[in-house]
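Residue numbers 0 to 150, in numbering that gives the first Met the number 0, belong to the letters of the sequence shown in order.
Simulated from the structure, these hints should not be mistaken for lab results. Don't take every hint at face value.
As the list claims (entries may be wrong) - Dumping the calculated DSS-like pairs for lysine-lysine here, alpha-carbon to alpha-carbon at most 25 Å:
#, residue 1, residue 2
1, Lys51, Lys135
2, Lys74, Lys145
3, Lys51, Lys74
4, Lys145, Lys26
5, Lys145, Lys135
6, Lys93, Lys26
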Amino acid sequence: MSFENFLSQLKTKASELKTEALKFKNKDFLNASMAGSALIALADGSISSEEKQKMIRFIESNEALSVFTTSDVIKAFQDFVAQLEFDKDIGEAKAYDAIRKMKSNDAAARLLVRMIIAIASSDGNFDASEKRIAHKIVQELNLNPKDFELA
């Protein structure tokens, strides 16, 4: 093996390690995002295709989450939806636990709230049940509901 090949392989491995480290670092944000997405999407009783598409576009455009594949995102979302549909109380507890992990990171918490509001509004209607869930998420994150026009 030539020295150039060795360097090339070393760079490739370093890049792979960096990607894996970023996934590990951002896993809590992915889970919080998908928990919030599941809660807000189910707030009105059904999940529209517009809500799903908005969530996927947000994840793909977010630098911190772009390290995850679309299938990783969909699986995390489906896991939260399945938990909520199987047992609403336990599903909500798990979802809010995931969301609360963002409480200490103000920028991530605010981004999360903006994302769930965008998802809720993607079907053209940000209804009272969705606003109620968004307000609860804001409270769980110790943010001011007025900052998001939820007060």
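Practice problem: Check each numbered hint against the structure and report the violated ones by number, ascending. | Solution: Numbers 2, 4 - these are the hints that the structure violates, sorted from lowest upward.
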